[in-house]
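J.: One-letter residues, chain by chain:
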Amino acid sequence: MNDEHQAAGSLAEHAAPGNRLYLLVWFYLLAITALEVVLGYMHIFSTAVMLAVLMLLSVVKAGLIVAYFMHLRFEKRSLVLSLVPAGVLVMALLLAFFPDSFRVLELGVR
Amino acid sequence: MPEAKVEAVAATVWGGGTFPFAVGHKKLGMWLFLLSDSLTFCALLIGYSYVRVANPNWPTPFHLWPSIAMATLMTLILLSSSLTMVMAVTASQRGDRGGAARYLLLTILGGLAFIVLHANEWLGLIGEGVRLWENPWNVPLFGATFFALTGLHMLHVASGVVYLGVVAAGVRRGRMGHEDVEVSGLYWHFVDLVWMFIFPMVYLLSVSMK
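As given, the protein sequences belong to chains S and E, one line each in that order. Numbering-wise (our numbering), the first sequence opens with residue 1 and increments by one. Numbering-wise (our numbering), the second sequence opens with residue 1 and increments by one.
Just so you know, the hints here were simulated from the structure itself, not pulled from any lab data. Check the hints yourself; a few may be wrong.
Not everything, but these chain S residues come out facing chain E in the computed CB check (under 7 Å) [claimed, not checked]:
id	residue
1	Leu54
2	Leu79
3	Leu81
Where a beta carbon is used, it is the ideal one built from N, C-alpha and C, also for glycine.
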């Protein structure tokens, strides 16, 4: 059983990237963070657009973390397909109520 | 007779006797937990975004110094602790127990620094009169969402520090192996990932322009 376990672990490990790649990912994450902070101080978007832009950048960061730091890119595809679509679908469902937040702004409180 | 039967069972991916995801049960369990935990945070963050966008007079109390500078520093610390975490995983994969334990210790230090800085941030806001249900700017939801979001995240960081401490001790004594380090790494990166959403949404959307 234990041997099998080891085998299962090493199966996913064979394409493991080195520390150089991790350093590069870390650098990209810092760069995107810096971009976000700068954007936070620029008055070019409305709150809602600003939220969307920051979210987009954060999703990119989350993708980098999940794919490289959490190693998902190097796992078997069946694991990726079990986790990612389910997560994305449920989050999209949670987001379904979000457009209602514009109601007060656009139509006023009644 | 059993030999041939075992072979046949092991040959089918979903028939049992094999690892359909090519990961051990601990790792699969952690992934499933993180999936459910991400939905908890997602619900809180969407709830927060809803009231944030719907409130034109949402308070913007975060000055560049100290709040935004400190929150940016906390992001840097958390990202760097994720880097030391992957290095702990690489070290334990090489079979270097001492190295893995040292990198885990660095990660724990990063987590502790994050908690200290964040506690300081909380004290600053509480000093300004921000409470869970009231604050000087008369938008009670500000305090409620801020403390709920960052509080739940801090709880995750604090439990992560304890978890990594247990794993570091286990690795040093040889009670825990590479898989345990890797699984604790998944948890730690997730805590980092959540902060990547809380930082821009809570702090950067409420920067003080004065």
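J.: Look at each hint and say if it fits the structure.
T.: Hint-by-hint comparison with the structure:
For S:Leu54, the suggested interface contact is upheld, since its CB lies about 4 Å from the closest CB of chain E, less than 7 Å. A distance limit of 7 Å between C-beta atoms decides the matter here; for S:Leu79 the minimum to chain E is near 4 Å, and the interface restraint holds. Checking S:Leu81 against chain E by beta carbon gives a least distance of about 10 Å; that is not within 7 Å, so the hint is violated.
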